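Visitor: Listed here are the chains, written in short residue letters.
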Amino acid sequence: MPDGGGLLGPSGPLAARSPVWPLLLGLAALAAATAGPWPGLILALAAGFVLWWASRRSAGALRRAREESCELSEQLIQSQKMAALGELAAGIAHEINNPLGIITQEAELLGLALEPVEAAQRDGSPLAAAFLAELRDGIGEIMRQVNRCSDITHKMLNFARKVAPVCQPSDVNRLVEDMVALVEREATKQDTRIVRMYGELPRVTTDPPLLRQVVLNLLNNAMQALERGGMIFVTTRAAEDGQIAIEVRDTGPGIPAAHLDKIFNPFFTTKAPGMGTGLGLAISQRIVVGLGGTLTAQSLPDAGAAFVIRLPATCGGEGERRHGAADQGTGH
Amino acid sequence: MTSLRFLVVDDEERFRGNLVKLLTAKGMQAEGAADAEQAFAALRREARDVILLDVRMPGMDGVAALPGLKALAPEADVIVLTGHASVDDAAELLARGASEYLVKPCTVDEILDTVAVVRDRRGAGRL
Ligand SMILES: Nc1ncnc2c1ncn2[C@@H]1O[C@H](COP(=O)(O)OP(=O)(O)O)[C@@H](O)[C@H]1O
Ligand SMILES: [Mg+2]
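Keeping their order, the protein sequence lines are chains C and F. Start counting the first sequence at 1; every next residue gets the next number (our numbering). Start counting the second sequence at 1; every next residue gets the next number (our numbering).
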């Protein structure tokens, strides 16, 4: 699998944030190429000096940009890795779906082969009745297990699918509330209380169905972490630069420090087989990065877990463009 | 649904053979083809109502074979059966003349339901 750096290509997030660099380098190269040897050299040296001077001046700005973009670029790398993993998952799903197709057919053919025996049963053969019950049960079970497998492979294919956001001006508090209302019935059943702490939000453009999916994933995880009782705090607030933040915090067991950097990996799950696919947070982070934002997790010992979605005022931006470019590169 | 003529194009022999058997058991006429060339030959020999097409095959794959199949059998509905479909693949397949696609595993009843929907949509006469 290609690593994240390779997928990001030569222009890392830092280079993209300081457009002065390629400009100066281009100027130096152009000077050397177009003018005669001596003026060319002088021009190149002059350009080199300007470059050096500019680099000193912008070093501080670059350091700040690096710190600022560190989180974002890490998430970008992560999301590119996941695009690569998605391709892999899709390949595996394909290979598994083909044998599942044949298993389904064999079960269907067995069912058809039983029809004459069923006629014998109707004619009163007790032997045929017992034999039939056993076989029908087995065939039913084969079909159920095939369905279980194809559930997984279809989810894997879904994970591999490109998420191209369709953005529109949205009322984020409303989107969040839709999902809170959706899980509240389930929450009441397990004695979990959901506390709403919605703030005044500026209007942002984002992709409502995608954002709903992310919020729902976080709420479901919180409910599963609590199992019974406990509280979930859902907070929305305006953040700096017209950004907004959505936080889902629970009073569950929290996330062990050793897991914190793994939970966004596809297929990382601590849940029992059949209970978790480990794709929820991976898909959520890919979506949020695609919307130009970040998704981060915090956990304090015995103080539960908190997940924060940060979104820019306008959907997309750096994250989305880079994401789209990498998608084209990987093809299908 | 009255008896329709199916051509099952899939390189995997067991899958192809099973599908022919299942379709026959449902009162359809069905024949298999192991690759695009065999499918072209079968269509030159005899007209079909429905072509069930696998995407990944050695030699010419299903997507590449689609225009050729549609040229030989413009009246036939091509339904793609694949182990892998993304939205992009689906758009590409439909643009190339496929009527519908199904992700494996699927039962013969699901295939026949899809055939019925597709033929209704086209207003194709029932044989
Ligand atoms: N609110 C939470 N509290 C504690 N652990 C969590 C929480 N949310 C996620 N996790 C951890 O992260 C893992 C991955 O989550 P996710 O990607 O949604 O997959 P899944 O829910 O299928 O396991 C979970 O198995 C769990 O260990
Ligand atoms: Mg989950």
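Some hints could be false.
[As the list claims (entries may be wrong)] Calculated pairs, EDC-like style, for lysine to aspartate or glutamate (alpha carbon to alpha carbon, straight line, at most 20 Å):
| hint | chain 1 | residue 1 | chain 2 | residue 2 |
| --- | --- | --- | --- | --- |
| 1 | F | K70 | F | D109 |
| 2 | F | K21 | C | E106 |
| 3 | F | K21 | C | D261 |
| 4 | F | K21 | F | D113 |
| 5 | F | K21 | C | E115 |
| 6 | C | K81 | C | D261 |
| 7 | F | K26 | C | D261 |
| 8 | F | K21 | F | D61 |
| 9 | F | K26 | C | E115 |
These are computed hints drawn from the structure, not numbers from a lab. Please read these numbers as outputs of a predicted model, since none were measured by experiment.
Visitor: Taking 20 Å as the top limit, are the C-alpha atoms of K21 of chain F and E115 of chain C close enough?
Guide: holds (15 Å)
Visitor: Given the hinted pair K21 of chain F and E106 of chain C, is their alpha-carbon gap at most 20 Å?
Guide: Holds, at roughly 11 Å.
Visitor: Within a Cα-Cα threshold of 20 Å, do K21 of chain F and D261 of chain C meet the stated pairing?
Guide: The given pair, whose Cα atoms are some 52 Å apart, is violated under the 20 Å limit.
Visitor: With a cut-off of 20 Å on the C-alpha distance, tell me whether K26 of chain F and E115 of chain C pass.
Guide: Given pair K26 of chain F, E115 of chain C holds - Cα atoms ~13 Å apart, limit 20 Å.
Visitor: Given the hinted pair K81 of chain C and D261 of chain C, is their alpha-carbon gap at most 20 Å?
Guide: This hinted pair holds, its Cα atoms lying about 14 Å apart.
Visitor: Given the hinted pair K21 of chain F and D113 of chain F, is their Cα-Cα distance within 20 Å?
Guide: Distance of about 17 Å is within 20 Å: holds.
Visitor: Taking only the CA atoms, is the gap from K21 of chain F to D61 of chain F under or equal to 20 Å?
Guide: Violated. K21 of chain F to D61 of chain F sits at ~24 Å, over the 20 Å cutoff.
Visitor: Taking only the CA atoms, is the gap from K70 of chain F to D109 of chain F under or equal to 20 Å?
Guide: Violated, at roughly 24 Å.
Visitor: Please work out if K26 of chain F and D261 of chain C have their alpha carbons no farther apart than 20 Å.
Guide: Violated. K26 of chain F to D261 of chain C sits at ~54 Å, over the 20 Å cutoff.
Against the hints set out earlier in the document, violations occur for numbers 1, 3, 7 and 8.
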